[in-house]
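J.: Work out the full structure: start from the sequences and follow the hints.
Residue numbers (numbering that gives the first Met the number 0), protein chains in the order written: chain A, 0 to 416; chain B, 0 to 416.
Treat the hints loosely; a few may be bogus.
Same chains, same label: a pair holds when it works inside one copy or across any pair of copies.
[What the hints assert, rightly or not] Using 25 Å as the maximum straight-line C-alpha spacing, the simulated SDA-like pairs for lysine to any residue come out as follows: (1) K240 to Y205; (2) K413 to Y73; (3) K260 to L292; (4) K240 to S150; (5) K240 to R186; (6) K223 to I151; (7) K223 to N135; (8) K413 to V20; (9) K240 to Q144; (10) K240 to T4; (11) K223 to A132; (12) K203 to L222; (13) K413 to D170; (14) K413 to S356; (15) K26 to R329; (16) K260 to E74.
Honestly, the hints are just simulated from the structure, not real lab data.
Protein chains: 2
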Amino acid sequence: MAHPTGKALILLGDGLGDRPVADLGGKTPLEAAQTPNLDRLAALGECGLMDPIRPGVPAGSDTAHLSMLGYNPYESYTGRGPLEALGVGMDVRRGDLAFRCNFATVEPQPDGSLLIVDRRAGRIAEGTAELAAAVNALPPMDGVQFILRESIEHRAALLMRGDGLDACVSDADPHAEGAAVAVVEGRTEAAQRTAGTLNAWVRKTYEALDEHPVNVQRRAAGLKPANIILPRGCGVAPHLKPFSEQWGVRGALVVEVGLIKGLGRYLDMTVADVPGATGGYDTDEIALAKATLEALHEHEFVLCNLKSPDLAGHDGNAEAKVRCCAQLDRLVGHVLDHVDLEATAIAVAGDHSTPVSVRDHSGDPLPLAIAGQGVRTDAVAAFGERPCATGGLGRIVGHDLLSVLMNLIGAAEKYGA
Amino acid sequence: MAHPTGKALILLGDGLGDRPVADLGGKTPLEAAQTPNLDRLAALGECGLMDPIRPGVPAGSDTAHLSMLGYNPYESYTGRGPLEALGVGMDVRRGDLAFRCNFATVEPQPDGSLLIVDRRAGRIAEGTAELAAAVNALPPMDGVQFILRESIEHRAALLMRGDGLDACVSDADPHAEGAAVAVVEGRTEAAQRTAGTLNAWVRKTYEALDEHPVNVQRRAAGLKPANIILPRGCGVAPHLKPFSEQWGVRGALVVEVGLIKGLGRYLDMTVADVPGATGGYDTDEIALAKATLEALHEHEFVLCNLKSPDLAGHDGNAEAKVRCCAQLDRLVGHVLDHVDLEATAIAVAGDHSTPVSVRDHSGDPLPLAIAGQGVRTDAVAAFGERPCATGGLGRIVGHDLLSVLMNLIGAAEKYGA
Chain A
0 MAHPTGKALI
10 LLGDGLGDRP
20 VADLGGKTPL
30 EAAQTPNLDR
40 LAALGECGLM
50 DPIRPGVPAG
60 SDTAHLSMLG
70 YNPYESYTGR
80 GPLEALGVGM
90 DVRRGDLAFR
100 CNFATVEPQP
110 DGSLLIVDRR
120 AGRIAEGTAE
130 LAAAVNALPP
140 MDGVQFILRE
150 SIEHRAALLM
160 RGDGLDACVS
170 DADPHAEGAA
180 VAVVEGRTEA
190 AQRTAGTLNA
200 WVRKTYEALD
210 EHPVNVQRRA
220 AGLKPANIIL
230 PRGCGVAPHL
240 KPFSEQWGVR
250 GALVVEVGLI
260 KGLGRYLDMT
270 VADVPGATGG
280 YDTDEIALAK
290 ATLEALHEHE
300 FVLCNLKSPD
310 LAGHDGNAEA
320 KVRCCAQLDR
330 LVGHVLDHVD
340 LEATAIAVAG
350 DHSTPVSVRD
360 HSGDPLPLAI
370 AGQGVRTDAV
380 AAFGERPCAT
390 GGLGRIVGHD
400 LLSVLMNLIG
410 AAEKYGA
Chain B
0 MAHPTGKALI
10 LLGDGLGDRP
20 VADLGGKTPL
30 EAAQTPNLDR
40 LAALGECGLM
50 DPIRPGVPAG
60 SDTAHLSMLG
70 YNPYESYTGR
80 GPLEALGVGM
90 DVRRGDLAFR
100 CNFATVEPQP
110 DGSLLIVDRR
120 AGRIAEGTAE
130 LAAAVNALPP
140 MDGVQFILRE
150 SIEHRAALLM
160 RGDGLDACVS
170 DADPHAEGAA
180 VAVVEGRTEA
190 AQRTAGTLNA
200 WVRKTYEALD
210 EHPVNVQRRA
220 AGLKPANIIL
230 PRGCGVAPHL
240 KPFSEQWGVR
250 GALVVEVGLI
260 KGLGRYLDMT
270 VADVPGATGG
280 YDTDEIALAK
290 ATLEALHEHE
300 FVLCNLKSPD
310 LAGHDGNAEA
320 KVRCCAQLDR
330 LVGHVLDHVD
340 LEATAIAVAG
350 DHSTPVSVRD
360 HSGDPLPLAI
370 AGQGVRTDAV
380 AAFGERPCAT
390 GGLGRIVGHD
400 LLSVLMNLIG
410 AAEKYGA
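T.: Okay, here's the thing in structure tokens:
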């Protein structure tokens, strides 16, 4: 274990980065917002730009957080399946195969094949928990355990757990209506058995669901039955070291998004449950700040993420994003007022950019400020995309951020003699 | 071979990088020092920050120099064993297995096992050369040659040379007293034979040393005998191309540290022997400068390292470090006064940071200035951590420095058509 001489914090505005907005006089929402606390942090510290993955690559929240927790995203990200499963609260274990799934509607054909009538089973809204329970009652097949968990609407996640599984399998979902359920194929010799088992399971889900009371009721109400599970996007749960083994310090997450909570649990980090943290515009940012301070007692590292700026970005609402930046400012101000900067290194940034003009994640770099223990200050005194670009940190990638912080608090391992 | 149109120089202050020091008014030692020559170089050239390995990762002197000599440290560093052996002047060859060793004291048990009484043989100070000679007189075992070289006190380095060796072997040193000598285990099928041979050799060292005259004398004087060799930390000497093959130019080192001299010899570089270069605070920095200029006659590339700033960092002595920065300034000044900047590219930096507040290597980036042939100048006119952060070079990694210099002097290979 390392012997840190201080504590480290990352405070994030989700989707914080943005582009110039004409309605804001050419400023970004963050530049336009009144952010006295963020500016204070920038003035006290050192600023720069951060690319969550690499310059120009739009990051997902999952890959961005993996990266900022110090795991090389190109080595540790094995597709959406495992993280989606984590996001719905499943107990994903290293080596599990994970799939995204749809509840779908199929019709049996005279030749015995199953034809896709609706890939989303009429966007089924209710009853999927009962349907998943029926599928989970199926016995293991070929020694493989199948675990399904419903998500919102027609979506679900599936885990395959057992020996000798191989992730190189194609989708059962043909990604088109009017087509037959696709036969899963093993893309390698080693994946043949996995594919065969999965094909058999998909057929069994039809048998378990077609006459299920939920579907009997749906048919009676003129709705399409959700009578099969179609897995796609297979990924293997990556063999990532738990956070405390990777970094030699105890880590906690104070976040609002299920996907990131799941990632934290997978890394054996403490995941705080914060009353008042809604993940929406109405979230209680001071509750998040207090939970962060609380987590600092028992952990050397805490990451806190305020979700709201990302919502405003997706909504394309510049004024809302300005308000969310002020919300982040209050969160950071509360933390700043209650920590000892002589013994704490605090980084403030975003996880990725969600410009209001794009209404989606973009690959624009993020503003970054680091203040506190060991920091070489620079001349930047305002926290924003363009002020930070002139700062002393230069331009780093997200994957290096945790190393930078661990170095400041004396918890970095020397590479070499 | 490349056809350079000039010569390239790297002048390093070992452990040069630092953090703000309260006693220096919040300046770093380098910022606080009077460094007219370094400032002249910065003004004439282009500045930036350099991470020897990656942002936040504390580098060893070995990995930092590997990196700055243009070898990717993550590909070329295979552990301390080979570099320690190089550091004590051994003729390490590509493919050799290298170990760090202790002379230790063991007592035979009734069951034939050997119990560790003292892992350091009472910190034996004299006689280890004779003991090593006795061990080296043992015949090869299983076709494997063993070569031991004593270092300071109880320390030694060991090479295994032969066909079919595999580095995946555990330590003979149990890292605890009161335990038996550990049975070396092969962690892979391929390493089983290597482990077996090493176990047999360790036993033989006991037989060769237990009654050796040095130990007879030690027992008579009430001292613990150094009657066994305990290898640990196996690494394979990496298959690095010689410097001249890697870069197409002739390279020389003017350095004070054995470890780096050994690395240079391993890369078939010329390693200068500089009278007056003590590696201490009292070193003759002008002698180093003169040796650098001398080496430039026969080589297109010279790296010079002044050790003293690192000593001051480890000593936690800010005032001493300020003086060492002035020493580096005189070294650089002498070089600047005697080279043709129209036909020379000179980089000045550190190999890693050793902040006086940390008293050890840290992962803080280094100030970097490059002046001379082909350089695009910038507005920075002072050489220091924070002035350099605003320079035109931005933030680079050490592994790219040699490419940058080779490019300036027209010795870089084109990548592509």
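J.: If any of the earlier hints don't hold here, list their numbers in rising order.
T.: Numbers 1 and 4 - these are the hints that the structure violates, sorted from lowest upward.
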